[in-house]
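Enquirer: Sequence:
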Amino acid sequence: MVATESRVALAFGLNIAAGLLTCIGGIIIFNEKLVCLANPSSLGIPFGVSAGVMIFISLENIFGESVNAFQEALGGKGEQICDKMCKGNSKMFATICFINGAAIILLIDFIIHKICPDIDYEPSIDKINTLRQTFSQTDSKYGSDLVEAQTSHGKKNDFEDEPTKRTLNRMGILTALAIAIHNLPEGVTTYTGVMKDTKLGIALAIVIALHNIPEGVAVATPIYFATGSKLKAFYWTFISALAEPFGGIIGWLIAGDGLNANVNGIMFGLVVGMMVTISIKELIPTAHHFCLSKDKVTYSILFGMCVIAFSLILLDYAGV
Numbered sequence: 005m006v007a008t009e010s011r012v013a014l015a016f017g018l019n020i021a022a023g024l025l026t027c028i029g030g031i032i033i034f035n036e037k038l039v040c041l042a043n044p045s046s047l048g049i050p051f052g053v054s055a056g057v058m059i060f061i062s063l064e065n066i067f068g069e070s071v072n073a074f075q076e077a078l079g080g081k082g083e084q085i086c087d088k089m090c091k092g093n094s095k096m097f098a099t100i101c102f103i104n105g106a107a108i109i110l111l112i113d114f115i116i117h118k119i120c121p122d123i124d125y126e127p128s129i130d131k132i133n134t135l136r137q138t139f140s141q142t143d144s145k146y147g148s149d150l151v152e153a154q155t156s157h158g159k160k161n162d163f164e165d166e167p168t169k170r171t172l173n174r175m176g177i178l179t180a181l182a183i184a185i186h187n188l189p190e191g192v193t194t195y196t197g198v199m200k201d202t203k204l205g206i207a208l209a210i211v212i213a214l215h216n217i218p219e220g221v222a223v224a225t226p227i228y229f230a231t232g233s234k235l236k237a238f239y240w241t242f243i244s245a246l247a248e249p250f251g252g253i254i255g256w257l258i259a260g261d262g263l264n265a266n267v268n269g270i271m272f273g274l275v276v277g278m279m280v281t282i283s284i285k286e287l288i289p290t291a292h293h294f295c296l297s298k299d300k301v302t303y304s305i306l307f308g309m310c311v312i313a314f315s316l317i318l319l320d321y322a323g324v
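In terms of this note's numbering, the sequence shown opens at residue 5 and continues consecutively.
A hint or two may mislead.
As the list claims (entries may be wrong) - Listed next, the in silico EDC-like pairs over lysine to aspartate or glutamate satisfying Cα-Cα at most 20 Å (straight line):
1) K203 <-> E9
2) K91 <-> E64
3) K203 <-> E64
4) K298 <-> E286
What the hints assert, rightly or not - Taking CB as the label site, the calculated pair distances span:
5) Y239 <-> I115: 48 to 56 Å
6) A13 <-> L296: 42 to 50 Å
7) Y321 <-> S233: 48 to 56 Å
8) T99 <-> K285: 12 to 20 Å
Just so you know, the hints here were simulated from the structure itself, not pulled from any lab data.
All residues carry an ideal CB built from backbone N, CA and C; glycine is no exception.
Turn these sequences into a full structure, and let the hints steer you where they fit.
Expert: Right under this line is the structure:
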């Protein structure tokens, strides 16, 4: 699998685009209409859809790519001369890589929570509701500055005292850094996917971008309440977004000019483990956090699975 210039460019382009969607979540603080759209369901459903897409494409497509790569490596010329021992070993190695990929995500999560036990990846419903109230109380003559609006109205909210501001600011910055660390494997995933199959890479980039929007909200809102500055909130959202293209750089450094069959099998096996674990541990619980209706979460997950399934079918018909 040779890494042509066009594929490398596409991989980095998709990573940059997916990362910038985090910034889209961050600009919610700039517009009253966007704040109104940020209700619990609208934030939770994308997580459910993303989980459905990631689980389906991981187990239906990427795991098979890992097995096929190991069959090619162990059999010499692929599945055609791969006997039953070769096939069994290929699935075993792919499964081992899957487990290790899951372990990587769990280890990253453990380290982050050990260092910062109060970290919160989820945009708080209370903060979003308070942000709505702030916009509704702010006159147009005061612009959109939170501190000026609060002072002019002579009204304090729950986030105005200094200890709370310091806590919120720290939480927002740590959330940005934690999300950035979590997004590194996603950048590697997108790059690896494009190198193997263009349609696979595009599908992965879309699903990653989808759940990056609420993550941007999670970073921007606490920093905005702590500082009253939209620019500072957006700055840290942008910092967390840089992880996607940086993950692509890591993938490029690992892949070089192309992946041999062994490295290909290992990379895809790890990717499956990471994506499934992120879906089960982060995306689905977050969807339930916002959507109190279990049916909405279930339907959003199934919808995501159906969308990616039919998308892959259409891409096959189109010869992509």
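Enquirer: Now look at each hint and say whether the structure bears it out.
Expert: Each hint, compared with the structure:
1. Proposed proximity of K203 and E9 is supported: the alpha carbons are some 17 Å apart, at most 20 Å.
2. Using a Cα cut-off of 20 Å, the hinted pair K91 and E64 holds, with the two alpha carbons roughly 17 Å apart.
3. The hinted pair formed by K203 and E64 meets the criterion: a straight-line CA distance of about 14 Å does not exceed 20 Å.
4. This hinted pair checks out: K298 and E286 have alpha carbons roughly 16 Å apart, not beyond 20 Å.
5. Separated by about 25 Å at the C-beta atoms, Y239 and I115 break the suggested range of 48 to 56 Å.
6. A13 and L296 have their C-beta atoms about 43 Å apart, which keeps the hinted 42 to 50 Å range intact.
7. Distance hint check for Y321 and S233: the Cβ-Cβ separation is about 50 Å, which falls inside the suggested range of 48 to 56 Å.
8. In this structure the hint that T99 and K285 lie 12 to 20 Å apart at CB holds, the actual value being about 19 Å.
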